[in-house]
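Make the full structure from the sequences, and use the hints.
Sequential numbering from 1 applies to the sequence shown in UniProt numbering.
The set of hints was computed from the structure by calculation and includes no laboratory data.
Mixed in with the good hints there might be a few duds.
[Claimed, not checked] List of simulated lysine-lysine pairs, DSS-like, C-alpha gap at most 25 Å: (1) LYS382 <-> LYS297; (2) LYS273 <-> LYS295; (3) LYS211 <-> LYS412; (4) LYS410 <-> LYS210; (5) LYS397 <-> LYS357.
It should be emphasised that the depicted structure is a prediction, and the values quoted were computed from it without experimental measurement.
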Amino acid sequence: MDGWVGGWFAHLLVCLLVCLLAHLLICSFAHLLIHRFIELPQFLHPDDVESNGSILIYRSEVLPDNRWAPFEIGVSLFCNNDFSRPIIISVYQYAKNGKHVLQGSTRTNTSDFCKSTNLQLQLCNGASNGSIYVSQAACITQPSFLQFVKSGLDLNFMVAIDFTASNGSYDAVGTLHYYNTESFRRGNLNSYEKAITLVGNVLEYYDTDKKFPTYGFGACIDQSTTTSHCFALNRNEDDPEVDGIRGILDAYHAIIPQIRFKGPTLFSNVLKKAIQCVLLAALTRRNAVDIQEEKSKYLVLLIITDGCIDDFDSTTQLIVDGADYPLSILIVGVGSANFEKMDVLDGNDKRLSYGGKVASRDIVKFVALNAIKDRTPQEIAKTLLEEIPRQVVDYMKANGITPELIADLKSKETASTV
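This is the structure:
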């Protein structure tokens, strides 16, 4: 390779993960020269090759030394599950003014990655033509979310409701917590009831015991003058679980007259409770078999809030730490407050980090309910929950947990109770 003619050459390692229902493509690039980045456009249709009707599906970071970081991308995005669809790989010389110089590009398809080893792709139409070398390609399978569910995954559900003063009084028409028995019976739900129902009706299906720990935060209880930032809605701190979505709504309606909305808005105590929930069972297990059974459990925490949080740093730290546990966090914003910080917690643009530690995976999904209020209930539920399956699979993959392992653990659990 060192004797190849050209101003540069690249070393390309492509590992293709063909998943049963969740296709992934993992690519790792390396290059001998610095300040390069790679773009991968995908043609919308084979006929678009000549018209250049392409869309950008991936852009690498600018190469700081001699190796790009590996990346993962869904096969559905990479080639729309069509392995013959044309793909262009382009290499650019980075420029601070944004006028990057094309060094060369090559056209290929996903099928060539799978079938060939030691594949050389000639770059052309650039300032510094050379070759890209596909040194390795592999097709392997990765389990899907549904496979984990079918194998016996316990998807548990926890709810936390914001009772801070900015929500307005519950007995004032039009406020976020407004509750009137007759109005509720007629199907007129407030924003919190809508979020609980839309998310809960889906997750309830996957929760085996359908018992949900339910908490509130940001209020004073009874005659207390101290704001509680995590209290059980059923008033039983030792057993905060309620039965089903109906139980959540009943506990919510029952406690509203017993509390006074205060503040500030803090997530930390609720997040600590969720992490404690996923840790406590493992810490109290009696033996290795019991500890193994915890691998079949995963917790989804729903936080419903009306505004920005006042403990952003500690919340960030807890989320970064929580990424190491079987936990996903769904934050639903109600009302018209500024939710800019929530978008940061979502981590779509940049993986969340704190104190030099980067979150091992993305576990937060934020949705402003007002932004999707005109959609159908099915579309809203899909938007709210669309990232949960990937987050579950990411955790299982990172911890070496397979559907077969969960099925085996469930089988042993059943046998031990007979």
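Distance restraint between LYS397 and LYS357, which requires alpha-carbon spacing of 25 Å or less
holds (20 Å)
Satisfaction of hint between LYS295 and LYS273, Cα-Cα up to 25 Å:
holds (19 Å)
Regarding the pair LYS410 and LYS210, is the alpha-carbon distance no greater than 25 Å?
holds (18 Å)
Could you grab the alpha-carbon distance between LYS382 and LYS297 and see if it respects the 25 Å cut-off?
holds (22 Å)
Restraint check for LYS211 with LYS412, where alpha carbons must lie at most 25 Å apart:
holds (23 Å)
Checked against the numbered hints given earlier, the structure satisfies every one of them.
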